[in-house]
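S.K.: With the hints as your guide, set chain X with the ligands onto chain D.
In order, the protein sequence lines correspond to chains D and X. Position 223, counted from 1, in the first sequence is what the working numbering calls 223; the numbers after and before it change by one each time, with no gaps. Position 377, counted from 1, in the second sequence is what the working numbering calls 1377; the numbers after and before it change by one each time, with no gaps.
Read the hints as simulated data drawn from the structure, not as lab findings. Heads up, a few of these hints could be off.
Output of the computed footprint for chain D on chain X, the stretches with three or more beta carbons under 8 Å from beta carbons of chain D [unchecked claim]:
hint, region
1, 1323 to 1330
2, 1404 to 1412
Ranges between beta-carbon positions, derived for each pair [to be verified]:
hint, chain 1, residue 1, chain 2, residue 2, range
3, D, E118, X, V1438, 24 to 34 Å
4, X, V1438, D, R168, 45 to 55 Å
5, D, E118, X, S1058, 54 to 64 Å
6, D, Q111, X, A1095, 21 to 31 Å
7, D, R168, X, P1209, 56 to 66 Å
8, D, P73, X, R1388, 31 to 41 Å
9, X, N1375, D, E81, 33 to 43 Å
10, X, D1370, D, G117, 28 to 38 Å
11, X, Q1126, D, R113, 49 to 59 Å
12, D, D149, X, D1414, 16 to 26 Å
For each residue, glycine too, the CB sits at the ideal point set by N, CA and C.
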Amino acid sequence: MSDTSILTITDLRAKVADEDLEILTGVNLEIRPGEVHTIMGPNGSGKSTLAKVLAGHPEYEVTSGDVVFKGQPLLDLEPNERALAGMFLAFQYPTEIPGVSIANFLRTALQARLEDGEEVDLFDFQDELLDRMKLLDMDPSFAERPVNDGFSGGEKKRNEILQMAVLRPSLALMDETDSGLDIDALQIVANGVNTLREENPEMAILLITHYQRMLNYIQPDAVHVMVGGRIVLSGGPEVAIALEEQGYADWKEQEGDEEGKKEEGKEEKEQEEALTA
Amino acid sequence: MSNSPQAAEAPIAEEETPSSLDESAVERISEGAPSWLSERRRHAWSVFEDTPFPSTRSEEWRYTDVSRVVNLADLRLVTDGGLAENGSRPAGLVAAMEEDLAASGHAVLVDGSVVHVDLDPALEEQGVILTSLRSAVHEHGDLLEELLATEVVPPEDGKLQALNAALWTDGVLLYVPRNVKLDLPVRVTRWVSHAGSAVFARTLIVAEPESQLSYVEELLSDDFDQRTFVSSAVEVIARDGAQIQFVSIQQLGRDVFCQSAQRTLAHRDAKLDTLNVSLGASVTRLDLNSRLLGPGAHSELLGLYFGDEDQHFDHNTSQDHVAPDTGSDLLYKGALDDRAQSAFRGMIRVHRDAQRTDAYQTNRNLLLSDECRANSLPNLEIQADDVRCSHGATVGQLDSEALFYLLSRGLSQDQAERLIVLGFLGDVLARLPLGGVVEKVTRAIERKLEHV
Ligand SMILES: Nc1ncnc2c1ncn2[C@@H]1O[C@H](COP(=O)(O)OP(=O)(O)O)[C@@H](O)[C@H]1O
Ligand SMILES: [Mg+2]
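Chain D with its partners taken away, still in its complex shape (with noise of 0.2 Å):
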């Protein structure tokens, strides 16, 4: 391990809570500040859980295998205790709070972050979120909208990274934020990303994505490839490229030990290919 990592995950083992079934089969990564890598892979082979796992989601469990965060044991926080610590997942399918608007959900997240008995300055909080939702263009009265209530795909993506941006993480765990975006709007969000990193360059990023496009805008330094709840190839953008033109159908096949996964890597390369069609 070595002293600059900011997340070092070493032969991470998971499944689902309240059944028998492995998950995460042995995860080895390994993140510097600054650094941004990208996990591609077919769909069902453990990307969303990796990121959940790491995010402390109760649905799973870690069986073994260790994390390390910024020189702290991961596993041992809670969710929150992880978020204060500088983590944050932006969902591939963001929840629905009815009733409570973004900017009570979000003066709430930075109220957490303070010490007790210190308040949200609710002028410098108003003027950081209107800020904010400019450099992600979005209309101001979005803030007062309840969290994800009735907001179509693109606009629910649009707002994990608008949280991002108000929570300044030192790790973003951005699983699928791409997919459901426009190209216009992939661009504003590529471009908020870009703006966090510039503003802190320490800032990692993992960056969980089905498609090429998104790293034409966000330029990775590492490319993992998971099949079957493990990364099975690391490179670099090149990976990537080579991925888009082949899909995963080679390294389905070395996997090919279970009909299920089969089936389910040729859907996703149809799915591409309707896609790219």
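M.R.: Chain X with the ligands only, in chain D's frame:
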């Protein structure tokens, strides 16, 4: 008794007139009253005696066994307000009153008796009446004789309604003449100070044609260690084209049985909305009947409850569409924690002539623990054919995905639950945005959540 020390020092009529709840009490209360009133009380008492105690075998009382909730023989009737007008007041009462400065007028009741009334002189000049029922008996006798405990909430409505009609000690009369509009709410604070007492109060609100008023009452007490009975009868009349908003926020202490019988009459083109917030007491029973009597009348029935520990809520509502072209919309939402229980029974009745009725009813419950329980019984009785009606009920757990989403942003478990609960209940308040009510109720819920 858990009164604050001030209350104990105050010149209380302690032990002066307490008595059991029997026929002699009716006679004593009737002393010096006009004969119509004594007769009305005696009649109510005979209805009380002839009416059996509500049984859990009856549909309307399935979830609340009154005979176990309160034993009338154990209660002392308090007929004289505990605190004199300038006697020192309990801290909880003072705190509530201090928040309510912006108002058309105020009334303060202690143990069922009015101890203070004030009304904007400009409104008084326009003929607005805000006074105690006790004085109104003499000053506005005709009005009371016509309306009090007769056509709106008569003793025949039930055992407890009859008891209240026989034994009420005081209450509030608010009368707004034709075309007069109150910009600010009338604010009423009702404080109960005696553990083991029975308090019977009434409210009569009359809005003459094209007038407008809002009324916000708060029921408060400390926690008790002895069953205490707080009974209310609320009669609200909106004449043609009048607009009324009635809000009741109940934050009584533990060991109180809070029972309230309310009926609202909305005449032609009237708009008559109610909001009942139940946060306190050990057992709460609300009977609310909203009657749409004239074409164009519309009522919103809003309700919000949040229970913890062993609190029990029983809301029994009905929307009676008597006239055609009327509308009603009910939304009752509650959150329950610990071993709290709630029952909601809602009835939409569309009478034969009430064509083109729009009537909606929704009850939603959020369960925060494994031991709490919510029962919801929506009902429709429709005799007209051209109507739009719907009813729905849900009982759901705290959404674990929503909780995780908030935790993943750094919120503590408590902060996350607070946001989810307030978000869930908040849309009820948003539908009746009266000055200060949203903030007051939100703060009360937050206080309760902190104790959780
Ligand atoms: N809570 C769960 N219960 C059962 N199966 C699950 C659960 N979570 C994930 N899985 C399964 O684990 C596999 C990986 O899922 P996921 O991490 O969402 O994949 P990806 O994000 O790569 O598409 C899938 O086969 C999925 O069905
Ligand atoms: Mg996924």
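S.K.: The hint says 24 to 34 Å between D:E118 and X:V1438; measuring C-beta to C-beta, is that right?
M.R.: Taking Cβ atoms as reference, D:E118 and X:V1438 lie about 26 Å apart, which means the hint holds.
S.K.: Confirm or reject the claim that D:Q111 and X:A1095 have a C-beta distance inside 21 to 31 Å.
M.R.: 25 Å, holds
S.K.: Take the C-beta atom of D:E118 and the C-beta atom of X:S1058, compute their distance, and say whether it sits inside 54 to 64 Å.
M.R.: About 56 Å separates the Cβ atoms of D:E118 and X:S1058, which means 54 to 64 Å holds.
S.K.: Can you let me know if the beta-carbon spacing of X:N1375 and D:E81 is within 33 to 43 Å?
M.R.: 39 Å, holds
S.K.: Test coverage of the region 1323 to 1330 of chain X by chain D using CB-CB distances below 8 Å; three residues minimum.
M.R.: violated (count 0)
S.K.: Falls inside 49 to 59 Å, the C-beta gap from X:Q1126 to D:R113?
M.R.: Roughly 54 Å apart at Cβ, these two residues keep to the hinted range, so it holds.
S.K.: Taking 8 Å as the C-beta cutoff, is the stated coverage of the region 1404 to 1412 of chain X by chain D satisfied by three or more residues?
M.R.: Satisfied; 9 residues make the cut.
S.K.: Is the hinted range of 28 to 38 Å satisfied by the C-beta distance from X:D1370 to D:G117?
M.R.: 34 Å Cβ-Cβ, so the 28 to 38 Å window holds.
S.K.: Do the Cβ positions of D:D149 and X:D1414 conform to the proposed distance bound of 16 to 26 Å?
M.R.: 22 Å, holds
S.K.: Can you tell me whether the CB distance of D:P73 to X:R1388 sits inside 31 to 41 Å?
M.R.: Violated: the Cβ-Cβ distance is about 60 Å, outside 31 to 41 Å.
S.K.: Do the Cβ positions of D:R168 and X:P1209 conform to the proposed distance bound of 56 to 66 Å?
M.R.: For X:P1209 against D:R168, whose Cβ atoms are near 60 Å apart, the range 56 to 66 Å holds.
S.K.: Could you see if the CB distance from X:V1438 to D:R168 stays within 45 to 55 Å?
M.R.: 32 Å, violated
In terms of the numbered hints stated before, the structure departs from hints 1, 4 and 8, listed from lowest to highest.
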